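*Asks:* Just so you know, the sequences run in chain order B and U.
Going by the numbering used here, the first residue of the first sequence is number 107, and it counts up by one from there.
Going by the numbering used here, the first residue of the second sequence is number 107, and it counts up by one from there.
In case anyone wonders, no lab produced these hints; they're calculated from the structure.
Just so we're clear, the structure is a prediction, and the values are computed from it rather than from any experiment.
Heads up, a few of these hints could be off.
Pair by pair, the computed Cβ-Cβ distance ranges are [said to hold, decoys possible]:
#, chain 1, residue 1, chain 2, residue 2, range
1, U, TRP587, B, ARG371, 18 to 26 Å
2, B, THR438, U, ALA344, 52 to 60 Å
3, U, PRO474, B, GLY287, 26 to 34 Å
4, U, GLY209, B, GLN501, 24 to 32 Å
Facing chain U, according to a computed beta carbon distance under 8 Å, are these residues of chain B, among others [claimed, not checked]:
#, residue
5, ALA141
6, ALA532
7, PRO562
8, ASN592
Cross-link-like lysine to any residue pairs, in silico, SDA-like; alpha carbons within 25 Å at most [said to hold, decoys possible]:
#, chain 1, residue 1, chain 2, residue 2
9, U, LYS294, U, SER153
10, U, LYS420, U, GLY184
11, U, LYS420, U, SER454
12, U, LYS294, U, ALA161
13, B, LYS294, B, ALA145
14, B, LYS420, B, ALA366
15, B, LYS294, B, LEU280
16, B, LYS420, U, PRO223
17, U, LYS420, B, PRO223
18, B, LYS420, U, PRO224
19, U, LYS420, U, PRO365
20, U, LYS420, B, ALA145
Where is the CB? At the ideal position from N, CA and C, for every residue including glycine.
Number of protein chains: 2
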Amino acid sequence: MTTLQSIQARTGQPLGEPLAASTPGQIDDAARAAAAAFAGWSASSGSSRAALLRALAAALEAEREGLVALADEETALGPVRLSGELDRTAFQLRRFADIAERGLPFATTDDPAVAGPPPAGHPAMVRLRVPLGPVAMFSASNFPFAFSVLGGDTASALAAGCPVVVKAHSGHLLLSNRVFGLVQQVLKAQQLPAGLVGLVQGGGNDVGVQLVRHPAMAAGAFTGSTRGGAALQAEANARPRPIPFYGELGSTNPVVALPAVLAARGAELASTLAGSIALGCGQFCTSPGVIVLLNDPASDALVQQLTTALATQKPHAMLTPGMRSAFDVGVTHMLAAGAQPLLHEAGSDQAPRPFLAQVDAVDFIARPGLREEVFGPSSLVVRAASVAQALEVLQAVGGSLTVTLWGADEDSADNRALVRGATAIAGRVLFAGVPTGVAVTAAQQHGGPWPSSTQPMSTSVGDAAIERFLRPVALQDAPAWLLARNGQPC
Amino acid sequence: MTTLQSIQARTGQPLGEPLAASTPGQIDDAARAAAAAFAGWSASSGSSRAALLRALAAALEAEREGLVALADEETALGPVRLSGELDRTAFQLRRFADIAERGLPFATTDDPAVAGPPPAGHPAMVRLRVPLGPVAMFSASNFPFAFSVLGGDTASALAAGCPVVVKAHSGHLLLSNRVFGLVQQVLKAQQLPAGLVGLVQGGGNDVGVQLVRHPAMAAGAFTGSTRGGAALQAEANARPRPIPFYGELGSTNPVVALPAVLAARGAELASTLAGSIALGCGQFCTSPGVIVLLNDPASDALVQQLTTALATQKPHAMLTPGMRSAFDVGVTHMLAAGAQPLLHEAGSDQAPRPFLAQVDAVDFIARPGLREEVFGPSSLVVRAASVAQALEVLQAVGGSLTVTLWGADEDSADNRALVRGATAIAGRVLFAGVPTGVAVTAAQQHGGPWPSSTQPMSTSVGDAAIERFLRPVALQDAPAWLLARNGQPC
Numbered sequence: 107m108t109t110l111q112s113i114q115a116r117t118g119q120p121l122g123e124p125l126a127a128s129t130p131g132q133i134d135d136a137a138r139a140a141a142a143a144f145a146g147w148s149a150s151s152g153s154s155r156a157a158l159l160r161a162l163a164a165a166l167e168a169e170r171e172g173l174v175a176l177a178d179e180e181t182a183l184g185p186v187r188l189s190g191e192l193d194r195t196a197f198q199l200r201r202f203a204d205i206a207e208r209g210l211p212f213a214t215t216d217d218p219a220v221a222g223p224p225p226a227g228h229p230a231m232v233r234l235r236v237p238l239g240p241v242a243m244f245s246a247s248n249f250p251f252a253f254s255v256l257g258g259d260t261a262s263a264l265a266a267g268c269p270v271v272v273k274a275h276s277g278h279l280l281l282s283n284r285v286f287g288l289v290q291q292v293l294k295a296q297q298l299p300a301g302l303v304g305l306v307q308g309g310g311n312d313v314g315v316q317l318v319r320h321p322a323m324a325a326g327a328f329t330g331s332t333r334g335g336a337a338l339q340a341e342a343n344a345r346p347r348p349i350p351f352y353g354e355l356g357s358t359n360p361v362v363a364l365p366a367v368l369a370a371r372g373a374e375l376a377s378t379l380a381g382s383i384a385l386g387c388g389q390f391c392t393s394p395g396v397i398v399l400l401n402d403p404a405s406d407a408l409v410q411q412l413t414t415a416l417a418t419q420k421p422h423a424m425l426t427p428g429m430r431s432a433f434d435v436g437v438t439h440m441l442a443a444g445a446q447p448l449l450h451e452a453g454s455d456q457a458p459r460p461f462l463a464q465v466d467a468v469d470f471i472a473r474p475g476l477r478e479e480v481f482g483p484s485s486l487v488v489r490a491a492s493v494a495q496a497l498e499v500l501q502a503v504g505g506s507l508t509v510t511l512w513g514a515d516e517d518s519a520d521n522r523a524l525v526r527g528a529t530a531i532a533g534r535v536l537f538a539g540v541p542t543g544v545a546v547t548a549a550q551q552h553g554g555p556w557p558s559s560t561q562p563m564s565t566s567v568g569d570a571a572i573e574r575f576l577r578p579v580a581l582q583d584a585p586a587w588l589l590a591r592n593g594q595p596c
Numbered sequence: 107m108t109t110l111q112s113i114q115a116r117t118g119q120p121l122g123e124p125l126a127a128s129t130p131g132q133i134d135d136a137a138r139a140a141a142a143a144f145a146g147w148s149a150s151s152g153s154s155r156a157a158l159l160r161a162l163a164a165a166l167e168a169e170r171e172g173l174v175a176l177a178d179e180e181t182a183l184g185p186v187r188l189s190g191e192l193d194r195t196a197f198q199l200r201r202f203a204d205i206a207e208r209g210l211p212f213a214t215t216d217d218p219a220v221a222g223p224p225p226a227g228h229p230a231m232v233r234l235r236v237p238l239g240p241v242a243m244f245s246a247s248n249f250p251f252a253f254s255v256l257g258g259d260t261a262s263a264l265a266a267g268c269p270v271v272v273k274a275h276s277g278h279l280l281l282s283n284r285v286f287g288l289v290q291q292v293l294k295a296q297q298l299p300a301g302l303v304g305l306v307q308g309g310g311n312d313v314g315v316q317l318v319r320h321p322a323m324a325a326g327a328f329t330g331s332t333r334g335g336a337a338l339q340a341e342a343n344a345r346p347r348p349i350p351f352y353g354e355l356g357s358t359n360p361v362v363a364l365p366a367v368l369a370a371r372g373a374e375l376a377s378t379l380a381g382s383i384a385l386g387c388g389q390f391c392t393s394p395g396v397i398v399l400l401n402d403p404a405s406d407a408l409v410q411q412l413t414t415a416l417a418t419q420k421p422h423a424m425l426t427p428g429m430r431s432a433f434d435v436g437v438t439h440m441l442a443a444g445a446q447p448l449l450h451e452a453g454s455d456q457a458p459r460p461f462l463a464q465v466d467a468v469d470f471i472a473r474p475g476l477r478e479e480v481f482g483p484s485s486l487v488v489r490a491a492s493v494a495q496a497l498e499v500l501q502a503v504g505g506s507l508t509v510t511l512w513g514a515d516e517d518s519a520d521n522r523a524l525v526r527g528a529t530a531i532a533g534r535v536l537f538a539g540v541p542t543g544v545a546v547t548a549a550q551q552h553g554g555p556w557p558s559s560t561q562p563m564s565t566s567v568g569d570a571a572i573e574r575f576l577r578p579v580a581l582q583d584a585p586a587w588l589l590a591r592n593g594q595p596c
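One chain only, chain B, in its complex shape (with noise of 0.2 Å):
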């Protein structure tokens, strides 16, 4: 029997009993048990879908303090922000009740015939949405319940009347299976059945290859590395039949800072960047990872305040070893690659301290090692001699989560040639603040060109997550018993 062992993140230590790895068994009993759900959970109406939802919030919310206590053991993210990551996560849970209780996954557009030859003329038709079926959710190192087991991809999944087994990452096992067995009281509690929400583990890639693989699996979701993201993509295209892969994946979230935004208010978006570069450990998909300045005694002057105020924040420990380490190899890449260090320390067993760098953009551009993604606090200053430049900058990233634009107030040639080259290589762009903290919204878009997700027309936060898990159908000529259904699947 393969074991798994919790760590303690501050300690390296083990942290409880050893846990059962998933068996293949295991796995093909969870994936059945959530095709076996789906045919009542996809035909489920928005109210018994909300009720669910909510339950489930709640059930988090009443179990805070020890959950909180537990996430922190493992993760060392500390009680405060993963009391607020709980918060966020019970708000998309229950903002998704709202929406399957809205009647969104029900929504119909309505094509009465016309009469008449084609094209012109055209049968009755009605085009609404079913779920797509069973979702194999990958869950996150860096959001212990908001990209976890009842995180987006959950909420929305089931909002949209998909099964979900869940795949628990490594990094927070205990906290997994605490939060798997209010899941299974809920249901319980509801009459729903136990594979509406199935829970799988391992410590390698095995089982979570399994589980795409698995015939009854209808789509994926995953938030995690370019790396495993494009391993398990391409698994879930080698399939006999094809499954759509939602990956949201690394990224490195270029912050343009233009001279004159840096002129006025230099030291205060030093101090707001240093602070968002070292939150929570630099372990965000959003973390700005690339400052891209222009020649100017104001650029001069941020990298300085910047450097001092980096030197000032005291990351705490990773996530996990492995995250560990990693950093410190991504940092020896870089260098390696001709980063020139600003802020270059060495920190602790799992605690590192922050790396900042600089090169020219010309380099930027053509070394592909300075622009890899170091996952953890960690940023690289890039140079660039106009904004002609800066945009090539852009260019070479390719594709981020998020691109930041400081200092693009007014209507210009420049500023729009900004604006249009960092929407063509994100999923959001930012003209204020920092883009760590991703706001769970109507207008949310978290996921753009790749490397930053496999599926850039698709988010992993905000209300439009559901739509990954509806399909189109268009219904032609429907029966009335159909249409009286009113986009309810049957």
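Guided by the hints, dock chain U onto chain B, whose structure is given.
*Replies:* Coordinates of chain U only, in the frame set by chain B:
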């Protein structure tokens, strides 16, 4: 220099002089010209897009006589069908003109700032959509107008703000070039860059592969065989930066005909079905290739009626000699897999005779060879012992553009199960009529689960086809000048 030769479909003889295949340099030029045209076209107004699309529709109509005659020589589809297809193509162009003019590509979701801490509080967010970039568009053999140079993919991409590079289909090269000439005249008259619509051509796969691999391409759109589409999708996925690839592939389009409706209207339905199977020599993506019948005397009668009705059909020449020989190979495979022939006659070198065979559901489910699409006037009757077994037949089909349910007129457990089974595998479910003929409407969905399409959440026909080429972007704290653009890209 590689040359290409247009072939008269009815005779197999060469038509006109050989044409030069696009060289790698020419493909690169077309892709670069499209990329150069993107900056201006992505920022164009809805009325500019509408003006171009309407002028293209008018240009087609003005040249109707010559275009239809040429298309008929190259495809043998007949002047009536081809003139109707030209109408549909012009209709689509005007429909997307209206969509662009109404401002759909520029629609925004406004999410004003909410004061207070997250998760409820959030900054001002606006969700808009940006055009993806140049689209590599692969023409279909079987719709020389509607899924070709000025077909729905081109119309929807241009309406979205995306340039297009068309890969002409070798089955109607002269027509493609003549239509492309019209496009160039219209672009010139409107003072738009010639590269906004490009054309490349080649005999083998290399031209298409080079096009989809080109760094300037931002999406692919394809209508054709599962094999060809899967190969190009793999190329799109294997790029250093993968791009969305919208492939509308093969489909067997099951028709489930229940005993009661057959008892009442069997003869009429048999005649309708025979016409649909043989329509356009069976060369429709939506040709009904699988007829699912329950064991019942009315089903036995339908088999006889259908055999008789199909025997009276006189399919015209197929589109290309390659398709003609592939039809015979497909029939041979079907027989080798155990299909019992009901109608199997030798055709001419150009035109096949309709093929009809029958199998038991158990065999259909067990043998993948029986489930392969035979492109042409062919259909396979599958006899099921029960509704439950009919559902297993649908599940074995797996993914289809359409499923037709005849006789599901009342609300019953069986009919609900059939609707559930049909919507689970298809993008369009019909309750009357035949699947051939795809209305261009707001509610249309032309695309279903694999293998019928590579992106089952998207449609290649109907208003939603434009969604394929628009990527969401959230603007956070956008400045006033940018908000004043009302969703118009910079």
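*Asks:* With reference to the structure, classify each hint as holding or not holding.
*Replies:* Hints versus structure:
In this structure, TRP587 (chain U) and ARG371 (chain B) meet the distance hint of 18 to 26 Å, their C-beta atoms being roughly 20 Å apart. A hinted range of 52 to 60 Å is violated for the C-beta pair THR438 (chain B) and ALA344 (chain U), which are about 29 Å apart. For PRO474 (chain U) and GLY287 (chain B), the hinted distance range of 26 to 34 Å is not satisfied, since their beta carbons lie about 42 Å from each other. Between GLY209 (chain U) and GLN501 (chain B) the beta carbons are some 29 Å apart, a value that agrees with the proposed interval 24 to 32 Å.
Of the supplied interface hints, the one on ALA141 (chain B) is violated, with its beta-carbon coming no nearer than about 11 Å to a beta-carbon of chain U, more than 8 Å. Annotation: ALA532 (chain B) was flagged as interfacial toward chain U, and the flag holds, the nearest CB pair being 7 Å apart, inside 8 Å. Taking 8 Å as the C-beta contact cut-off toward chain U, the hint placing PRO562 (chain B) at the interface holds, the least distance being around 6 Å. Using the Cβ-Cβ criterion of 8 Å, the hint placing ASN592 (chain B) at the interface with chain U is not satisfied: the shortest such distance is roughly 14 Å.
A hinted pair counts as satisfied when its Cα atoms are at most 25 Å apart, and LYS294 (chain U) with SER153 (chain U) qualifies at roughly 17 Å. Distance check on the hinted pair: LYS420 (chain U) and GLY184 (chain U) sit about 13 Å apart at the alpha-carbon level, within 25 Å; holds. A C-alpha spacing of about 11 Å is found between LYS420 (chain U) and SER454 (chain U), which places the hinted pair at or below 25 Å, so the restraint holds. For a cut-off of 25 Å, the pair hint linking LYS294 (chain U) to ALA161 (chain U) stands: about 11 Å separates their Cα positions.
Annotation: proposed proximity of LYS294 (chain B) to ALA145 (chain B) holds, straight-line Cα distance about 18 Å (limit 25 Å). Simply put, LYS420 (chain B) and ALA366 (chain B) have alpha-carbon atoms about 30 Å apart, too far for the 25 Å limit, and the pair is violated. A C-alpha spacing of about 21 Å is found between LYS294 (chain B) and LEU280 (chain B), which places the hinted pair at or below 25 Å, so the restraint holds. Distance check on the hinted pair: LYS420 (chain B) and PRO223 (chain U) sit about 24 Å apart at the alpha-carbon level, within 25 Å; holds.
With a C-alpha separation of about 24 Å, the suggested pairing of LYS420 (chain U) with PRO223 (chain B) holds against the 25 Å cut-off. For the hint linking LYS420 (chain B) to PRO224 (chain U), the alpha-carbon distance of about 24 Å falls within 25 Å, and the restraint holds. A threshold of 25 Å between alpha carbons decides the hint, and for LYS420 (chain U) with PRO365 (chain U) the separation of about 28 Å lies outside it, so the pair is violated. Our distance criterion of 25 Å between C-alpha atoms is broken by LYS420 (chain U) and ALA145 (chain B), whose separation comes to about 44 Å.
Figure legend: structure checked against the earlier numbered hints; hints not met, in rising order: 2, 3, 5, 8, 14, 19 and 20.
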